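Chains as they are written, first to last, in this note's numbering: chain A, 2 to 191; chain B, 2 to 191; chain C, 2 to 191.
Don't read these hints as lab results, they were simulated from the structure.
Take the hints with a grain of salt, since some may be wrong.
Said to hold, decoys possible - Straight line, CA to CA, 30 Å or less: simulated DSBU-like cross-link-like pairs of lysine-lysine: (1) C/K53 <-> A/K110; (2) C/K183 <-> B/K189; (3) B/K36 <-> A/K36.
The structure presented is a predicted model; accordingly, all values stated were derived computationally and were not measured.
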Amino acid sequence: MYSFNSLFTILCFPFLLLSIFAHESYTHRARGPCKEMVFYFHDIIYNGENYKNATSAIVGAPEWGNRTIMSSPNNFGDLIVFDDPITIDNNLHSPSIGRAQGMYFYDQKDIFSSWLGFSFVFNNSDYKGSLNFAGHDPLMNKTRDISIIGGTGDFFMARGIATLRTDAFEGSVYFRLHVHVKLYECWKLL
Amino acid sequence: MYSFNSLFTILCFPFLLLSIFAHESYTHRARGPCKEMVFYFHDIIYNGENYKNATSAIVGAPEWGNRTIMSSPNNFGDLIVFDDPITIDNNLHSPSIGRAQGMYFYDQKDIFSSWLGFSFVFNNSDYKGSLNFAGHDPLMNKTRDISIIGGTGDFFMARGIATLRTDAFEGSVYFRLHVHVKLYECWKLL
Amino acid sequence: MYSFNSLFTILCFPFLLLSIFAHESYTHRARGPCKEMVFYFHDIIYNGENYKNATSAIVGAPEWGNRTIMSSPNNFGDLIVFDDPITIDNNLHSPSIGRAQGMYFYDQKDIFSSWLGFSFVFNNSDYKGSLNFAGHDPLMNKTRDISIIGGTGDFFMARGIATLRTDAFEGSVYFRLHVHVKLYECWKLL
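Take these sequences, add in the hints, and give me the full structure.
Printed below as a string of structure tokens:
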């Protein structure tokens with residue numbers, strides 16, 4: 002028994018010490034997400050004639066724009082507030098399992114590009130709580146990542162990345178995003 | 002050899018513990034906050050006639066709204082920039098110990114709900130620095146949580162949750178929020 | 002005495018590991034940044050006559066303001082969307098190595114102060130990915146810190162602080178910021 006303990010100590014310590022020196026206290030290595038989820042959300046932009054169905058509206062625009070038609074070129078400067086249904090599949094008319102609520106604005110003159118600040122809000126039997134997102138969305142790229150900067154309820158203190166893919170785009174009135182949520186930092190409150 | 006082994010064990014324990022810590026980088030268990038604070042802040046919305054007292058103003062609105070009256074229904078699409086005094090008690094006229102500065106916008110058509118992006122800014126003998134907040138605020142709920150996504154100065158790199166409670170609400174001109182700040186991630190710069 | 006040491010090792014290991022894990026999970030001590038970078042970015046605000054050169058535009062303003070002249074006093078309530086070139090040196094005409102894209106708004110009536118939500122977007126041989134920023138910017142201070150709340154690509158899950166310094170300010174049309182990025186939380190996806 003003594004020699005086993007001794008061997009363990011002698012063999013394992015240098016190894017573990019080395020790993021300490023390799024990882025500084027602020028360096029994190031993630032093997033994969035601690036939680037993954039996939040959703041769709043659906044945005045119908047108010048164009049002056051679709052008030053009833055619209056889930057979003059332009060609330061800010063540059064001097065050369067207005068609040069019923071996207072500004073030209075590339076919607077630059079248009080700021081949109083949205084309250085979009087989240088669904089499990091790609092059907093707008095499927096039962097919504099939550100809401101995507103927040104804003105986006107177009108922030109590039111020479112190409113379509115936007116910046117998002119919004120939340121996924123859940124209050125169903127699977128999930129209760131919110132995930133908060135912020136970041137750059139270069140929407141002409143097939144997929145792009147934005148930051149998940151925090152969460153509440155079931156997603157208390159969560160951080161991660163969401164991979165966005167535009168799943169449908171119909172003129173300037175409807176689009177549908179496929180969202181792959183990948184949390185790399187999960188918390189439990191004991 | 003025995004005493005060498007003993008010494009080695011005693012000296013290396015803390016390192017071993019630390020190395021474990023570095024490996025499980027994305028899983029966190031919190032027993033409670035590393036820092037808690039309670040404040041009130043006071044918002045007086047510009048309505049076209051109260052410029053001198055107003056601490057906030059509508060700066061964006063949907064096509065059917067304007068910048069002196071909240072849009073109907075449920076203020077949807079109104080974006081407000083604010084510079085509100087923070088007090089220790091619920092009295093608007095108490096000395097302010099900091100400012101809550103940022104924006105909120107109403108993001109739901111069928112109920113009052115908002116999204117916040119703002120900072121608490123302190124420069125007094127107790128606290129110097131800022132805390133940055135972002136997230137969904139379903140303001141009809143008695144209490145609701147938003148994310149604390151970062152901080153500077155005394156709150157360097159802080160993360161946590163703030164529990165909001167509407168402490169008073171007078172028409173569409175004045176409201177007062179009770180804010181319970183709970184930081185679960187605190188940092189020290191050595 | 003040997004058996005005491007042996008027992009201590011065997012019994013206390015799991016105990017101490019667990020307690021560290023539960024208690025210290027939210028306390029971080031940083032010796033210094035895991036990554037530092039220095040950049041400049043350049044903002045040319047649309048004033049009604051410089052459409053071609055402008056990199057930003059007012060898209061929201063209080064009732065007493067408009068979208069071609071900053072509101073008075075202290076630009077309070079003006080919300081600006083920007084798409085600014087990032088350069089290595091302080092020359093606007095140097096090759097840009099990325100874009101700073103997002104928004105800022107002025108949020109104080111009695112002094113110049115703003116709030117920023119934006120990204121640094123890189124797609125060059127050195128860096129691919131984005132850094133997302135949010136926070137209070139008291140721009141009359143010589144230097145001030147804002148939060149880096151997340152990142153993607155080469156900056157996957159990064160957090161930190163950026164120290165801003167106004168390097169030039171020409172009327173209300175051009176300013177140049179010196180940005181010292183200091184990441185204190187770096188991640189690698191294995």
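How the hints compare with the structure:
Proximity of C/K53 to A/K110 is assessed by CA-CA distance (about 10 Å); at most 30 Å being required, the pair is judged to hold. A threshold of 30 Å between alpha carbons decides the hint, and for C/K183 with B/K189 the separation of about 15 Å falls inside it, so the pair holds. With a C-alpha separation of about 27 Å, the suggested pair B/K36 and A/K36 falls inside the 30 Å cut-off, and the hint holds.
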